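2 protein chains.
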Amino acid sequence: MGRWDPDAGGRLQHSAMTLYLERGYEAVTTAEIAEHAGLKKRTYFRHFADKREVLFAGAEAFQSFVVDAVVHAGTDRAPMDVVITALADSGTLLEPYRDYTRARRDLIASSTDLQERDLIKLASLTAAVAEALREREVEPLQATLTAQAGVAAFSTAYDLWADDDGTSDFGRLVHQTLDNLRRAIGAA
Amino acid sequence: MGRWDPDAGGRLQHSAMTLYLERGYEAVTTAEIAEHAGLKKRTYFRHFADKREVLFAGAEAFQSFVVDAVVHAGTDRAPMDVVITALADSGTLLEPYRDYTRARRDLIASSTDLQERDLIKLASLTAAVAEALREREVEPLQATLTAQAGVAAFSTAYDLWADDDGTSDFGRLVHQTLDNLRRAIGAA
Chain A
44 MGRWDPDAGG RLQHSAMTLY LERGYEAVTT AEIAEHAGLK KRTYFRHFAD
94 KREVLFAGAE AFQSFVVDAV VHAGTDRAPM DVVITALADS GTLLEPYRDY
144 TRARRDLIAS STDLQERDLI KLASLTAAVA EALREREVEP LQATLTAQAG
194 VAAFSTAYDL WADDDGTSDF GRLVHQTLDN LRRAIGAA
Chain B
44 MGRWDPDAGG RLQHSAMTLY LERGYEAVTT AEIAEHAGLK KRTYFRHFAD
94 KREVLFAGAE AFQSFVVDAV VHAGTDRAPM DVVITALADS GTLLEPYRDY
144 TRARRDLIAS STDLQERDLI KLASLTAAVA EALREREVEP LQATLTAQAG
194 VAAFSTAYDL WADDDGTSDF GRLVHQTLDN LRRAIGAA
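Top to bottom, those sequences are chains A and B. 44 is the number of the first residue of the first sequence in the working numbering; add one for each residue after it. 44 is the number of the first residue of the second sequence in the working numbering; add one for each residue after it.
Note that these hints are calculated values from the structure, not bench results. None of these values were measured; they are calculated from a predicted model. Where a beta carbon is used, it is the ideal one built from N, C-alpha and C, also for glycine. Hints may contain errors.
Said to hold, decoys possible - Which chain A residues face chain B? A few, computed with CB under 10 Å, are given here:
hint	residue
1	P122
2	T155
3	I163
4	L184
5	Q185
6	Q191
7	G193
8	T199
9	T220
10	L221
11	N223
12	L224
Unchecked claim - Here are the computed lysine to any residue pairs in the SDA-like style, where the Cα-Cα straight-line distance is at most 25 Å:
hint	chain 1	residue 1	chain 2	residue 2
13	A	K164	B	D202
14	A	K164	B	G52
15	B	K164	A	E182
16	A	K84	A	I151
17	B	K164	A	D93
18	B	K94	A	R95
19	A	K164	B	L150
Extracted from the complex, chain A is given alone in its bound form:
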């Protein structure tokens, strides 16, 4: 293999998922992931900061997609509508990984370390969405609460999507979950 490897990151992700699922998250080392991918350990750390980060490789691009959609939405639209549409449309980024979704979700649930990393990615997404709303001149508290409600609906929809038979539409689940949230808190 040459020194230039355009898909080293993708191979490391695939190897990490394979080994984590085979042996459990705790039992696998980054050296073993690199070896499985036919790469050196130092290559692993050029791509991912630690043993957890390999499972969250798309998080930054995902957050940028959602924030861009919020920033560029028509100025006449209500904040909650802007946020939930951005999160629903993010399904186009998740769809190619649908086959991995349930296994990845269960893997995260198996480890407190992974749950913490997952939660901080969602918190980062919430903060970024709230900031994007404030740039649209939404009042700060409303921006925070709208972002929290949107990300809560998104993450619950993601769980439903992971558990279903593979036929449901992600965007539709996100919108339905927000409607259910409205009913649950008595806003509808």
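For chain A, the structure is supplied; the task is to place chain B on it using the hints.
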């Protein structure tokens, strides 16, 4: 000092806050916290699992308080009302630590490790509240969404409470924040 020390835990918490605020979270070791409290390092680890946990000493008792309130609420009350009242009433547990609240919140914000631990405590609270609702025969998805909305309102109210001039009532802030959440997500 005798071997039996009824308030070793409290002294360790106080020493941890003092040293973390003086020098920053990263720069302080558990041995230094123990020494500051006049205790052995192994005593630290009898009380707290790691360097982070000392800042979350009351989390378990807090969660039990909220879950008990949900479990024992009158059967005629709506799920959202039960949850928000339980979280509002939890102010009685937070009030004695009011002077620490802002410093602790800013300390947590200074460290990704501490943020992760804080988020997993909130996720644990959310899951426990949802479970308590399901025991009241609330439909599972409604239970999850009601718990998420309640804890979102709670954590935003906690931030407002930490930032205010010390005169606001915690319970009232929690109820007001839920009302603002209702307006933010539409239809109220």
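Hints, verified against the model:
1. P122: Because about 7 Å separates P122/A from the closest Cβ in chain B, which is inside the 10 Å limit, the hint holds.
2. T155: Where the cut-off is 10 Å and the nearest Cβ of chain B is about 7 Å from T155/A, the hint holds.
3. I163: Hint on I163/A: holds, closest Cβ of chain B at ~5 Å, below 10 Å.
4. L184: Holds, about 6 Å.
5. Q185: Hint holds; Q185/A Cβ to chain B Cβ min 5 Å, cut 10 Å.
6. Q191: With Cβ-Cβ at 4 Å, under 10 Å, it holds.
7. G193: 8 Å, holds
8. T199: 6 Å, holds
9. T220: Where the cut-off is 10 Å and the nearest Cβ of chain B is about 7 Å from T220/A, the hint holds.
10. L221: The hint holds - L221/A has a Cβ within 10 Å of chain B, the shortest such distance being about 7 Å.
11. N223: Holds, about 6 Å.
12. L224: 5 Å, holds
13. K164/A - D202/B: Holds. K164/A to D202/B sits at ~20 Å (cutoff 25 Å).
14. K164/A - G52/B: 32 Å, violated
15. K164/B - E182/A: 28 Å, violated
16. K84/A - I151/A: 23 Å, holds
17. K164/B - D93/A: Holds, at roughly 23 Å.
18. K94/B - R95/A: With a Cα-Cα distance of about 20 Å, the restraint between K94/B and R95/A holds, given a limit of 25 Å.
19. K164/A - L150/B: 19 Å, holds
When the structure is compared with the earlier hints, violations turn up for hints 14, 15 and for no others.
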